[in-house]
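Trainee: For reference, the chains in residue letters:
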Amino acid sequence: MAEVAEERQKSPVVDDKIHTWPHLVRVEFLVALFVMIVLTLWSVVVDAPLEEPANPTRTPNPSKAPWYFLGLQEMLVYFDPWLAGVVLPSLIIVGLMMIPFIDINQKGNGYYTFKERKIEILTFFFGFHILWVSMIIIGTFFRGPGWNLFWPWQRWDPHKVVALANVDLPYLLGFRDYFWSSVCGGVLVLGYFVFATLAFYLWILRIKGKEFLERWGMVRFLITALLFVTMLSLPAKMFLRLAFNIKYVWVTPWFNI
Amino acid sequence: MKKWEELKKDITESQVWRAIFRHGYEDTPRNRVLMVTANVWLHLHPAKVRRHGVRMRFTWCMGGLTFLMFLVTVVTGIYLMFYYRPVAEYAYADMKYLEFDMPFGMLMRNMHRWSAHAMVVFVWLHMFRVFLTGSYKPPREFNWVVGVLLLVLTLLLSFTGYLLPWDQLSIWAVTVGSNMARATPLLGHEGPFAELVGANPIYDARAFLFGGGEIGPHTLLRFYILHCIFIPLVTSLLLAIHFWRIRRDSFSGPPL
Ligand code: HEM
Numbered sequence: 001m002a003e004v005a006e007e008r009q010k011s012p013v014v015d016d017k018i019h020t021w022p023h024l025v026r027v028e029f030l031v032a033l034f035v036m037i038v039l040t041l042w043s044v045v046v047d048a049p050l051e052e053p054a055n056p057t058r059t060p061n062p063s064k065a066p067w068y069f070l071g072l073q074e075m076l077v078y079f080d081p082w083l084a085g086v087v088l089p090s091l092i093i094v095g096l097m098m099i100p101f102i103d104i105n106q107k108g109n110g111y112y113t114f115k116e117r118k119i120e121i122l123t124f125f126f127g128f129h130i131l132w133v134s135m136i137i138i139g140t141f142f143r144g145p146g147w148n149l150f151w152p153w154q155r156w157d158p159h160k161v162v163a164l165a166n167v168d169l170p171y172l173l174g175f176r177d178y179f180w181s182s183v184c185g186g187v188l189v190l191g192y193f194v195f196a197t198l199a200f201y202l203w204i205l206r207i208k209g210k211e212f213l214e215r216w217g218m219v220r221f222l223i224t225a226l227l228f229v230t231m232l233s234l235p236a237k238m239f240l241r242l243a244f245n246i247k248y249v250w251v252t253p254w255f256n257i
Numbered sequence: 001m002k003k004w005e006e007l008k009k010d011i012t013e014s015q016v017w018r019a020i021f022r023h024g025y026e027d028t029p030r031n032r033v034l035m036v037t038a039n040v041w042l043h044l045h046p047a048k049v050r051r052h053g054v055r056m057r058f059t060w061c062m063g064g065l066t067f068l069m070f071l072v073t074v075v076t077g078i079y080l081m082f083y084y085r086p087v088a089e090y091a092y093a094d095m096k097y098l099e100f101d102m103p104f105g106m107l108m109r110n111m112h113r114w115s116a117h118a119m120v121v122f123v124w125l126h127m128f129r130v131f132l133t134g135s136y137k138p139p140r141e142f143n144w145v146v147g148v149l150l151l152v153l154t155l156l157l158s159f160t161g162y163l164l165p166w167d168q169l170s171i172w173a174v175t176v177g178s179n180m181a182r183a184t185p186l187l188g189h190e191g192p193f194a195e196l197v198g199a200n201p202i203y204d205a206r207a208f209l210f211g212g213g214e215i216g217p218h219t220l221l222r223f224y225i226l227h228c229i230f231i232p233l234v235t236s237l238l239l240a241i242h243f244w245r246i247r248r249d250s251f252s253g254p255p256l
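Protein chains in written order, with the working numbering: chain P, 1 to 257; chain U, 1 to 256.
Hints in this document: simulated from the structure, not taken from any laboratory.
Keep in mind that the hints are not guaranteed to be accurate.
Stated by the list, open to error - Below 30 angstroms or equal to it, Euclidean Cα-Cα: the simulated BS3-like pairs (lysine-lysine) are:
| # | chain 1 | residue 1 | chain 2 | residue 2 |
| --- | --- | --- | --- | --- |
| 1 | P | Lys-237 | P | Lys-247 |
| 2 | P | Lys-208 | P | Lys-107 |
| 3 | P | Lys-17 | U | Lys-48 |
| 4 | P | Lys-118 | P | Lys-208 |
| 5 | P | Lys-64 | P | Lys-210 |
| 6 | U | Lys-48 | P | Lys-107 |
| 7 | U | Lys-96 | P | Lys-64 |
| 8 | P | Lys-208 | P | Lys-64 |
| 9 | P | Lys-107 | P | Lys-210 |
Said to hold, decoys possible - Derived CB-CB ranges, DEER-like:
| # | chain 1 | residue 1 | chain 2 | residue 2 | range |
| --- | --- | --- | --- | --- | --- |
| 10 | U | Arg-22 | P | Ile-223 | 52 to 62 angstroms |
| 11 | P | Arg-26 | U | Leu-237 | 24 to 34 angstroms |
| 12 | P | Arg-26 | U | Glu-5 | 31 to 41 angstroms |
| 13 | P | Arg-26 | U | Pro-103 | 32 to 42 angstroms |
| 14 | P | Lys-115 | U | Thr-12 | 48 to 58 angstroms |
| 15 | U | Arg-18 | P | Thr-40 | 28 to 38 angstroms |
| 16 | P | Phe-125 | U | Pro-103 | 41 to 51 angstroms |
| 17 | U | Lys-2 | P | Arg-26 | 25 to 35 angstroms |
| 18 | U | Phe-128 | P | Val-219 | 23 to 33 angstroms |
| 19 | U | Leu-221 | P | Asn-105 | 47 to 57 angstroms |
| 20 | U | Leu-237 | P | Phe-255 | 32 to 42 angstroms |
| 21 | P | Lys-115 | U | Trp-4 | 24 to 34 angstroms |
If you're wondering where the values come from, they're calculated on a predicted model, not measured in any experiment.
Just so you know, even glycine gets a beta-carbon here, dropped at the ideal spot from N, CA and C.
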C-alpha cells in the first residue's frame, strides 16, 4: 500500500494512467455481476416463448421476422424483396465498413464531441435511430394482419380495408404505353441519383469548402454520395407511397423499383 | 479496528491458510502489473489504462457486456445441447421435456434466449459508442471492419437459433426472414435476372440455405449446425482478432 501511495506522489498529474488491477478489473467485475443478476432475475420471471408445434400448412397472419430484422421486413412495404431484403442490407453492411475510410475528419478521435463532427454524427443518427430503430418499432408494435398499420391497443381486425397501392409513378404522370413508362421510370430513377448526387456535392461544398473536397478525393466522394443518396431513397419512397399511393417508380420486365 | 487487524493476521498466518494460498498478495505496483499480465484471462487488458478509459461514461461497458452475453449463451447453450435433438420429430418434444422435466431446463432456456437478445442490443449500443467517440479513426479502421462482421455474425447467430424450437413462431419467422434470399438478383429464383443463371425454386440461394425448396427437417439440421458449430467458431476467431487489435492499436482516448 505504502509503495503505491509513494508512486502516486512521485508522478502527480502528468501520467493519468492507473493500474488495470484493481481499478478496471473492479469496474468490470461489478458491472458483470450486476448484469448477471438482472439477467437471472429476468429469466426467472419471464419465460421464453414456445408456441404450438411447427405446422407448415398453417401460416399465421401476420408472420413476423425476429424483431431485429423487422427493419428489413418493414422496408418490404416500400421496395421489392430483391432491394429491401438483399441489395439494401448488403449496402448497409458495406456502408458501415466504409465509414472509417470515407470519414477523413481527424478530429473527434477518442472523445465525445458533437461540434467537431456534426454532419457525421447527424448522418449516423439519421440512419441508425430514425430509420433503422424506428422501423423496428413500427414493425414490432404497429403492424397487424396483412401487415396493415394498427395501434398497439387496437383490436387486430383481419378484414380491415386498406386503400390499395397500385399506381405507378409514370402512370400518374400520364404515360400509358408500357415501353414509354419504362423509359420514364428509368429517367426518373437515374435522374434522382444524378440530381441528388449533385445536390450532395453542392451541400458539402457549402458547408465544408473546396479545400475539403480536394482532400476528400473523387472516389471517397462518389462512394459517400452513393451510400447517402441510397439511404435517402427510403424516406423518398415512403413519402411517395404515403402521399400518393405509388407502388413503383420504375417498372421493367426484369425488375421494379 | 485493532482487533480486526489482529484477527486478520491470525487467519492469514495460520498454517491452514498458508497451506492453501502459499504466499500472500502484497499490494505493490509490480504485483498489480503481474496480476494482469500473468493471468490468462486478464492479460487481454493492458497493465495500465488511462483514467478516463475506466470510467463507464466512456465505453458504457458495452463491448465487454456483449462479450459477457456471448459467454452466457455459450454456457447455457451447451447445457441445452445435452437435451435437444435437431430432428423434426423430436425437436419440439425436446423443448417441452427441457422446460418441464430437466433440472433448471426452463431457466437455462430463458437465460439463453434473453442473453441472445441482450447481445443484439448491446452490440448495437457498442457500435454506437465506438461511432460517437470516433474510435474507428486511424489506426483503428480495421477493427471497426472486424466489428461490423461481428455484428452480422451476432444477428446470424440469433437468427439461426430462432428456428430450433421448431414451433409456429420459429418456422414462420425464419420463413419470412429467409424468403428474401429467393429474391437475390441472379441467385434467387424470384430475383431479377434469375433466368440468366437458371435459378429455380429447388436450386437457388434460398434452397442452399434451407437444404431444399421448402423449410423442413433438412433446414433444421442445417441451422442447428450453423448455430452451434459454424457461426460460433467464426465468431470466436473474429473476437480473438478484435481483442488482439484493441491491444495492438491501443485503446482510443484523447492525447495527453
Ligand atoms: C460480438 C460483438 C463484439 C464484441 C464482443 C466486442 C468487444 C469489444 C470490447 C470488449 C472492446 C473494448 C472497449 C469497449 O468495451 O467498448 C471493443 C472495442 C472496439 N470495438 Fe468491439 N465488439 C463487438 C462488436 C463490434 C462492432 C459491431 C464494432 C463496430 C462496428 C466494433 C468496433 C470496435 C472498435 C473500433 C473498438 C476499439 C474502441 C476504442 O479503441 O475505443 N466492435 N470491442
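Trainee: For every hint, state whether the structure bears it out.
Mentor: Do the hints match the structure? See the list:
1. P/Lys-237 x P/Lys-247: holds, 9 angstroms
2. P/Lys-208 x P/Lys-107: holds, 14 angstroms
3. P/Lys-17 x U/Lys-48: Distance ~6 angstroms between P/Lys-17 and U/Lys-48 Cα, so the pair holds.
4. P/Lys-118 x P/Lys-208: Holds: P/Lys-118 and P/Lys-208 sit about 11 angstroms apart, inside 30 angstroms.
5. P/Lys-64 x P/Lys-210: Roughly 48 angstroms between the alpha carbons, so the hint for P/Lys-64 and P/Lys-210 is violated.
6. U/Lys-48 x P/Lys-107: holds, 25 angstroms
7. U/Lys-96 x P/Lys-64: holds, 23 angstroms
8. P/Lys-208 x P/Lys-64: Given that 30 angstroms is the threshold and the Cα spacing comes to 43 angstroms, the pair is violated.
9. P/Lys-107 x P/Lys-210: Since the Cα atoms of P/Lys-107 and P/Lys-210 sit roughly 19 angstroms apart, the hinted pair holds (cutoff 30 angstroms).
10. U/Arg-22 x P/Ile-223: 52 to 62 angstroms: Check passed, 60 angstroms falls within 52 to 62 angstroms.
11. P/Arg-26 x U/Leu-237: 24 to 34 angstroms: Cβ of P/Arg-26 to Cβ of U/Leu-237: about 30 angstroms, so the range 24 to 34 angstroms holds.
12. P/Arg-26 x U/Glu-5: 31 to 41 angstroms: violated, 23 angstroms
13. P/Arg-26 x U/Pro-103: 32 to 42 angstroms: holds, 34 angstroms
14. P/Lys-115 x U/Thr-12: 48 to 58 angstroms: holds, 54 angstroms
15. U/Arg-18 x P/Thr-40: 28 to 38 angstroms: holds, 36 angstroms
16. P/Phe-125 x U/Pro-103: 41 to 51 angstroms: Once the Cβ atoms are compared, 47 angstroms apart, the range 41 to 51 angstroms for U/Pro-103 and P/Phe-125 holds.
17. U/Lys-2 x P/Arg-26: 25 to 35 angstroms: holds, 27 angstroms
18. U/Phe-128 x P/Val-219: 23 to 33 angstroms: holds, 27 angstroms
19. U/Leu-221 x P/Asn-105: 47 to 57 angstroms: holds, 49 angstroms
20. U/Leu-237 x P/Phe-255: 32 to 42 angstroms: This hint holds: roughly 37 angstroms between Cβ atoms.
21. P/Lys-115 x U/Trp-4: 24 to 34 angstroms: violated, 52 angstroms
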